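Chemist: The lines below spell out each chain.
Protein chains: 2
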Amino acid sequence: MKIVKTLLELRSARATFTGSLGLVPTMGYLHRGHLSLVQSARAENEFVAASIFVNPAQFESVDDLDDYPRDLERDLDLLDTHNVDLVWAPDRSEMYPHGYQTYVTVNQLTSGLEGGRRPGHMRGVTTIVSKLLIAFRPDRAYFGQKDAQQVCVVRRLVADLGFPVEVVTCPTVRESDGLALSSRNARLSVDQRQASTVLFRALSAASVAFAEGQRDGDKLCGLMSDVVATEPLADARYIAITEVETLQDLRQLPEQVLASLAVCIGQVVLIDNMVLGET
Amino acid sequence: MKIVKTLLELRSARATFTGSLGLVPTMGYLHRGHLSLVQSARAENEFVAASIFVNPAQFESVDDLDDYPRDLERDLDLLDTHNVDLVWAPDRSEMYPHGYQTYVTVNQLTSGLEGGRRPGHMRGVTTIVSKLLIAFRPDRAYFGQKDAQQVCVVRRLVADLGFPVEVVTCPTVRESDGLALSSRNARLSVDQRQASTVLFRALSAASVAFAEGQRDGDKLCGLMSDVVATEPLADARYIAITEVETLQDLRQLPEQVLASLAVCIGQVVLIDNMVLGET
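If you're matching them up, the sequences are chains G and S in order. Using the numbering used here, you'd call the opening residue of the first sequence number 1069 and step up by one each time. Using the numbering used here, you'd call the opening residue of the second sequence number 1069 and step up by one each time.
Quick caveat, the hints were computed from the structure, so don't treat them as lab data. Values in this document were obtained by computation on a predicted structure and should not be read as measured data. Among the hints, erroneous ones may be present.
No copy is singled out in the list; a pair is fine if it fits within one copy or between any two copies.
List time: in silico SDA-like cross-link candidates among lysine to any residue, alpha-carbon distance up to 20 Å [to be verified]:
{"#": "1", "residue 1": "K1287", "residue 2": "E1243"}
{"#": "2", "residue 1": "K1070", "residue 2": "R1205"}
{"#": "3", "residue 1": "K1070", "residue 2": "R1142"}
Bound conformation, chain G alone:
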């Protein structure tokens, strides 16, 4: 596995790949969710690359950025074990050189859910993803369904700017009690970790009701809200039932909708989602 720091090194390494390339962009502190992306990339491409970069542009607060867990050595071991060919782990100054002032924005799709609550977050995501697509020129790029809005926004970005890449969405990987894997889970105390299953329980309640024919968006949101309210350590930041691709709010629901929520547990914000009516 080749590990590079600079963009020039990356370009040289990229130029040696003669077949299809799958890219797994990450912020490091890898868990089984990331590794499932790597496995999909490995199965579908001749070459697999990953990036490790905790992107300051997508954090709204310096505290949140500082608190984000990091373990580069372990990450590199894991990627090596999973037969990744190339890893780009640039410094901040390599990614955002002196005088940096260029940003990529996706407008409407970023106005709700996480984007609506975290000013600048989605601009950070779309800018870094654009930079990674330009740098790696992958044939396929892999994202987890856990960040549902991110996936929608990246799909729109790719279509709008005309990147010749297939965006592949991989299913959310969960702990046995339903908690979606996230690097942020490492910051939960034992009590908070127990409380954190409330996201999955809320989504499951909405899923059951949807399967039983409930098509009133407000009622489904109310159901999720009631579940979150049973957990004293949890505080709902948003609870939404939206259209799957446009992420617009819905009242009368079609056969497939996206149920998503963000919950604060102590200082940690957890997000999760389910596509209801998925076959």
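Chain G is fixed; fit chain S onto it per the hints.
Modeler: Chain S alone, transformed into the frame defined by chain G:
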């Protein structure tokens, strides 16, 4: 010369190029300025491509967009004569598909000069240039010094997003009386055409004073302003002496500065600039 309409056709045609590619992005209605870009591209690359697209995103008013001159057939003849290999002339719906909402912005550099007077204009430029660089993957891209701010902004965009392309700036091509070539010149009446030399006369006055040692930015701007004021048909929109790369206003001047101005002549806005102290 291959002429393509869709992005997919463009990608197929691009894939057949085995050597270096020079790109000349244009909005059509080609003049000798554009053709000098093509000639530079031809001399420096194995393959030469051009784009013709009147980009609605960089016009602030529908009238200005509608009034922009077009002559696709003549443009294609000229490009063919100049040994261009590939032309992309997409429809608007190909460039901005249904639901389009992704934009590339360069912040500080676009706040003054043309960018400061035309809200959205520079965002239109940076978005379309990004899309062209993604679509063509050129080794070199050619721009005219006449649009000095555009060149600065594109250079920043390329550095920031990490496009593997060399930005080549070609000198402004002028009529024998000094008027910088522009597709907009076609819209000038005979009287206005005569008045339009005022831009070059103002820049020349600043250039002479600078060569004679004048290093007070305000005085140089005053000189240019005086020249423009002698022309009843002309109305200065802005007159500026700025740093060459950052485009920031200057009082005490270094050895090289950018003198630029925009002048309204009737309904037509003309811009021009000179780098003073250029060796």
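Chemist: So, for every hint listed, does it hold in this structure?
Modeler: Outcome of the hint check:
1. K1287 x E1243: Answer is neither: 28 Å inside a copy and 71 Å across each miss the 20 Å cutoff.
2. K1070 x R1205: within (17 Å within a copy, 25 Å between copies)
3. K1070 x R1142: Within one copy only: 15 Å inside, 51 Å across.
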